[in-house]
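**Q** Sequence:
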Amino acid sequence: MELEWSYLFFFPIILLPAFILFFSKKKTSKCSYKLPPGPPGLPIFGNMFELGTEPYKKMACLKEKYGPVLWLKLGTSCNIMVVQTAEAAAELFKNHDISFVDRFIPDVNLAHNYYQGSLSLGRYGSFWRFQRRICTVEMFVHKKIRETVPVRRKCVDNMLKWIEKAANSAEKGSGIDVARFVFLASFNMLGNLILSKDLADPESEEAAEFFNAMKGIMQWSGIFNVSDIFPFLRKFDLQNLRKKMARDMGKAMEIMSIFLKERQEERKKSEEKGKDFLDVLLEFEGTGKDEPAKLSEHQIKVLVLEMFLAGSETTSSSVEWALTELLRHPEAMDKVKTKISKVIGPNRKFEESDIDNLPYMQAVIKESLRLHPPIPFLIPRETIQDTKFMGYDVPKGTRVLVNTWAIGRDPECWGDPVSFNPDTKVSVYQESQANTRITR
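Read the sequence shown against this note's numbering and you will find it ends at 688, with the numbers running on by one and no gaps.
Fair warning: there could be bad hints in the mix.
To be verified - Cross-link-like lysine-lysine pairs, in silico, BS3-like; alpha carbons within 25 Å at most: (1) K587 x K402; (2) K392 x K597; (3) K342 x K636; (4) K282 x K342; (5) K413 x K445; (6) K342 x K644; (7) K499 x K463; (8) K583 x K614; (9) K614 x K597; (10) K392 x K614; (11) K587 x K614; (12) K636 x K321; (13) K305 x K673; (14) K583 x K597; (15) K614 x K342; (16) K392 x K402; (17) K306 x K321.
Hints listed in this document are in silico derivations from the structure and should not be mistaken for laboratory results.
Take these sequences, add in the hints, and give me the full structure.
**A** This is how it looks when you write it as structure tokens:
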């Protein structure tokens, strides 16, 4: 976690109130809690300077000394419990899900009241359950996935055309940025599924503005913010992150309003066409009890934006890492090519339905995801009450991180955890998939 030198000017602002809070808590705190183990940290700042720019790696190293559950303190009041093994994660989600169901709202997500209507940051309750249900039913069930195969086929074909065009126009011996085209294709895929339009179209100024605004939102969400550690600094916005988020979030909301008005005009004309996710949200009529009677414009805009934030960067980074591992391991690349050629033959394109017949390719993808999860931590949770977990006391308000990066490289689960070796894990991944199907 790097702090720019300009922020040192503001350290006195941090230190004076922090000292007061620290010493007042020292006098009143009780030692009755049996907290999980962790490094002692510094007065006032706790462990915030020990974690570096890749905290998930540092936390994984601490697992050897402190075990599967790690306790950290950032600032004077930010308590964090880190879950670092598959066994501990299973215990959390199977037996303690309700106690750890709340969410922490980062300062930047206060911009334009984004957290009000957010699924990823929403407080647990009837509206959150409704959001989860409608997203699952309308986006993620097998029937919907099968129905939208042509949309994904079109976006993949366009991506291949972009790559071919860039390769043909590139200077001899120079490379092209394949990752950029994968990201654009992922973004367009979501645009077509949710809004029935391409949103990474270089010929559309409106689409380009929305695309750039969304990239800004992703960028500001991923930067360490001192205001999340010292809440009394929120009013100062020392890093200008909330200001930048408000600018890009405002632009994205503004363009979403235009999309909504366009769709409402189309619906007035009663033009028959297939329904997308936006139509589902606009047409929704609930009971008004455990679910809203209608969704507000703000709720619709936030839910749509959330689908883009959750699905674009994660998809493109996963594909990029899988390609990287195949380039690093040409023997695996050759084997994947051979398997694909054997299944599809010489005269047709690869289709999604072919995936079930390619267990080795599935193992390559899962092995890449194990080593390079698109997000190293799951979305942070927060305890809604004092609770017991694996023999430890976890106070109310504790933030909970699940370190997926550490779990994917746990030697107790994977033997040689840092090696990319799909050949030895085909049967493991097939068994895991079978168990998932049984428990669905």
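**Q** K636 and K321: Cα distance at most 25 Å?
**A** Since the Cα atoms of K636 and K321 sit roughly 18 Å apart, the hinted pair holds (cutoff 25 Å).
**Q** Given the hint that K583 pairs with K597, test it: the Cα-Cα distance must not exceed 25 Å.
**A** Holds - the C-alpha atoms of K597 and K583 are around 18 Å apart, at most 25 Å.
**Q** Is the straight-line distance between the alpha-carbon of K587 and that of K402 25 Å or less?
**A** Holds. K587 to K402 sits at ~24 Å (cutoff 25 Å).
**Q** For K614 and K342, compute the direct alpha-carbon distance and say whether it is at most 25 Å.
**A** 23 Å, holds
**Q** Mind checking the alpha carbons of K392 and K614 for me, to see if they're no more than 25 Å apart?
**A** Distance of about 23 Å is within 25 Å: holds.
**Q** Mind checking the alpha carbons of K305 and K673 for me, to see if they're no more than 25 Å apart?
**A** 24 Å, holds
**Q** Given the hint that K342 pairs with K636, test it: the Cα-Cα distance must not exceed 25 Å.
**A** 14 Å, holds
**Q** Is it true that the CA of K392 sits at most 25 Å from the CA of K597?
**A** 22 Å, holds
**Q** K342 and K644: Cα distance at most 25 Å?
**A** Distance ~19 Å between K342 and K644 Cα, so the pair holds.
**Q** Does the structure keep K282 and K342 at a Cα separation of 25 Å or less?
**A** Answer holds: K282 to K342 is near 22 Å, not above 25 Å.
**Q** CA of K614 to CA of K597, is that 25 Å or under?
**A** 23 Å, holds
**Q** Is K306 close enough to K321, meaning Cα to Cα at most 25 Å?
**A** With a Cα-Cα distance of about 15 Å, the restraint between K306 and K321 holds, given a limit of 25 Å.
Hint compliance for this structure: no hint is broken.
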